[in-house]
Amino acid sequence: MKLRKIIAILFAAIMVFGLAACTAGSKGPVEITFSFWGSEEERASTEAVLEQYNALQDKVVVKPMYIGRDQYVEKLNTMATGGGMPDCGMIAEDSAIGMARNGLMSNIDLYEGQESKPLDCIIFKDAGNPVAYSTANEILALWYNKELFDKAGVAYPPATLDKAWSWDEFIEVSKQLTFDANGLHPGEEGFDKNNIVQYGCYVNQYTWQLEVWALSNGGRWFSEDGTSIVFDNAAVEAMQKVFDLHLVHNVAPFINGTVDAGFSLSLGTGNVAMCTEGQWATGFGGDIDYGVGVLPYMKEKANICTGGAIGMFAQTKHPTETAEFLRWYGSEDFNFGAIEAGWWMPTKLNWYTDPALLNKWIFENERRTTIGADNYKTAFVDVCLADGVVRSTGWYYTPNTTEVLYQTLQPALVEAINGSKTAAQVIGEIRAALEAALAGG
Amino acid sequence: MESNKKLRLHAVARREQRAAYLFLIPALLGLSLITYLPLLAAFGIGFTDLRVAHFMPNNPPPLQFVGFKNFIDIFTNPSINILNSIKVTIYFALLAVVGSIVYSMFIAVLLNRKVPGRAFFRAIFYVPHILPAASVMISWYFLLLDNGVINYIISQFGFERVKFLDNIYTVMPTLALISVWTCGNLIVIFLAGLQNVPRVYHEAAEIDGANSWQRFWRITIPCMTPIIFYNLLMSLVINLQVVVPALAITKGGPGGPGQGATRFMSYSMYQIAFINGEFGRAGAVAFVFFVVAAVFAFILFATSKRWIFYQGDEKK
Amino acid sequence: MQENTRKGAPRVQYIKNKRRGAAAANVIAFIVILFLAAGAVFPLWWMLRSALMANTDIFLAPPPFFPKDWLWTNFILEPRTFDFWLYLGNTLTIVVPCVVFGTITAVFCGYAFARLRFRGKQFLFALCVGSMLLPTMVTLIPLYIVWSRLGLVDTYWPLILPYLCGGGAFNIFLVRQFMLTIPKELDEVASIDGAGYFRTLVSILVPNILPAIIVVALLIFITTWNDLLQQTIYINSPHKLTMATGLTQFMGSYKNDYSGMFAATCLSFLPGVIVYLIGQRYFVEGIVMTGMKN
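Protein chains in written order, with numbering that gives the first Met the number 0: chain H, 0 to 440; chain X, 0 to 315; chain P, 0 to 293.
Source of the hints: derived by calculation from the structure; they are not laboratory data.
Check the hints yourself; a few may be wrong.
As the list claims (entries may be wrong) - Derived BS3-like pairs (lysine-lysine); straight-line CA-CA distance at most 30 Å: (1) Lys67(P) to Lys145(H); (2) Lys420(H) to Lys145(H); (3) Lys304(X) to Lys183(P); (4) Lys150(H) to Lys67(P); (5) Lys86(X) to Lys420(H); (6) Lys304(X) to Lys120(P); (7) Lys347(H) to Lys58(H).
Working from the sequences, and respecting the hints, build out all of it.
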């Protein structure tokens, strides 16, 4: 008898739990969900932006749905299968075109007929048609720990494009900043590469970032129309040069590139003097006093741009409200929090040319003045404006880049990064797989 | 009289049977609805081109029956190469299972002695088992970094730093070692088994002059075979399903799809289904996966009669 | 008389030798255990020490084995990024029903397989054992599609309901093995007294295998507590995240707060450790009883 009672109570308890888990939203203003990823600080700033929008009008309530970057694509896919996708949200760059092709995104072109559009190089295009727009513009730069440079008495890296280091100069400086437990530098008699205390540089090997070196060396990863794999000799040679920083020159730490934490595992540890990373590193802050310069170059000065996209998902029941919100969100006037915090650069051209606007986001901005506003301006704004230097990352025009970059290239490259094979060998072995991955199912 | 008794027995048996089915309702539901029907469904999906696009409201494509295309594709498409996944999964499972069984048996034998602080040690060896698998991997990742503490110790002894997780040859033993570290449940089960080995056998053998090594192999091990079997089975099932190390750290590498050292079957399936949204293809992988698991289980069960010693057998 | 003493002396000597030998072996065993335990505990210590350090100290070369300042404040994590109490509540919402019903139904099924005679027993038992071997991954996709068609994704039902169905074959198997070690005469006596099957189970068998039931409950607890894969797939809303998914989400953001990450990790396994420490007495005793005989 007693046991039965207990079971009955437990059953009732489970029902309550379940109901609590299933409660539906209430009536009132239209509710739309916005999914996004980001670091802790980015998350705070995004949530603040949504609250600002909710306070601004009373027709729509936008609810934030934070998802870790590592699971973002999986979660969107599973939610899509379950019919529970958010109404809109950020889109991982590598999956933008794939999502559009799978019908996960609404067909509405947010900026059709709008005067102020994002920069052309950060519009995702499938066979030339825009499918998604980045909300931020990010290019790469060379970050450095000022303290370590001062200690070694080495001049800071150049911050203007015309003074950019050549690859050999970059290696030379890195050597000066690398030393082992006995204070010896690479190349000196008795240098112990097993006991390096401080490294000169780390060139980020998180897969997509390596594309910049192919361009810098005059090569390509993908054909211009995004339909085929190129990975020409120049591209492969460039990769090898990057890996050789650790393997041959002993000036870089070994970080395998499957984990997207290059900045914090190198510069962030306080014992690496320089590292390459995107503009968003401006927002990292932390305990290290760091500055910024331009990337070194191999044959031509090159950089790549990217930026998380936003889009409306196909399952939304409120397309007009969602589109309106997204356009508001895509406007620098409103998402300025993320720019101010250092995570984003604006996407509209006038923010790079209008002195008043430049003042607003660079010269009067705390994060950027800490880093050095003048250097910041030449390393980012001037590079963006320079003719033919910044090019779109492959995923702006190539489909299935998740499969190509992360499922095929990334694990394979570890073998070249660790030196058991050359980059040429690795690419030779996986070329067919890369092509199959690009072609998709 | 006779027929009456038979009738009563019959009624009792019927009542017993009814009770048994009532008790088994949950299991029957579970076995059919969440085990065997989904298995058939996975097999069925494998013959279609089902993908995430089919679930979308904007003109979803019609679902097509594609025959064995997916099954051929997963073996021949160089960006999938399921054969490599099967190979590495089996390699990992064998390493981890053998390592776990030997390690847990060794610890259990030691802890079975009258050593001080047994409960404390038992807890220490058991705790890794209850840690969330993803945190375990992330923590080990930091231990094993090139500038991590383990490599620091290695370099202090004058050896070259080891790229534990980033070398095709060291990654598997390393991951197997981590798996061995988390096998506390096996230790506890072995301990229980050791305490159940009848004392009289040991005493008798001792009087016959057998040393402890001989006693271990001739008495302890044979008496423990049913438990070894149970642990082998559990360990095998768990380790064939390995996915977390690849998800959390190695991303299937080192090595591309053809040689990807940690491109485990579960990981391939996860990628294909949940990242690429290709459910049909993933269904094909699921079925191949099931076949591999079934073959291993079959081998284990088929050979079990030969090496398992049941104490009850002498009654036969 | 004389014969007795002559026989007794070597025997005493023998026992003495044996004891001395055993003592020496125990000392060696203790040293080996100490060594292995140090190895097993080292990663745990490293997590804790990293959780207690300032971010930049974590990567110092050479790595410090102890924190310079013990920063216990690292454990105060902002609820926005790692909401320990919310995750704990959510996880328990899943784990408690799973443990309760999983254990109850496992006992029912185990009882049927151990004690009752019925048609198709062999076949059903084979199916049951067979399902033990089936990797979860294999059925994940069809199950996911069904749950999503039922509109139950992003609820806890897909994580709980399977445990209302026998609590997994491993546990049914374990309960059956336990029950087989209880003499059958015990429940025959009860049935002569007129007790039905349910009462026999509840009043005779359950008290006898209580330690085993606790073992099963603990096993279910640990499996559901750590079921990252299914929780990741089924749970979407931030306020429904569990300990495991909350932790991976926390780790999945761009990382620059490593000590925070380690602190969250340490926090996330605290409840599991507490449950183990409470259960360990029963747990160990419980397993002793099974004998695992077929």
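For each hint, the structure was consulted:
{"no.": "1", "hint": "Lys67(P) to Lys145(H)", "in the structure": "24 Å, holds"}
{"no.": "2", "hint": "Lys420(H) to Lys145(H)", "in the structure": "35 Å, violated"}
{"no.": "3", "hint": "Lys304(X) to Lys183(P)", "in the structure": "26 Å, holds"}
{"no.": "4", "hint": "Lys150(H) to Lys67(P)", "in the structure": "24 Å, holds"}
{"no.": "5", "hint": "Lys86(X) to Lys420(H)", "in the structure": "22 Å, holds"}
{"no.": "6", "hint": "Lys304(X) to Lys120(P)", "in the structure": "21 Å, holds"}
{"no.": "7", "hint": "Lys347(H) to Lys58(H)", "in the structure": "28 Å, holds"}
When the structure is compared with the earlier hints, a violation turns up for hint 2 alone.
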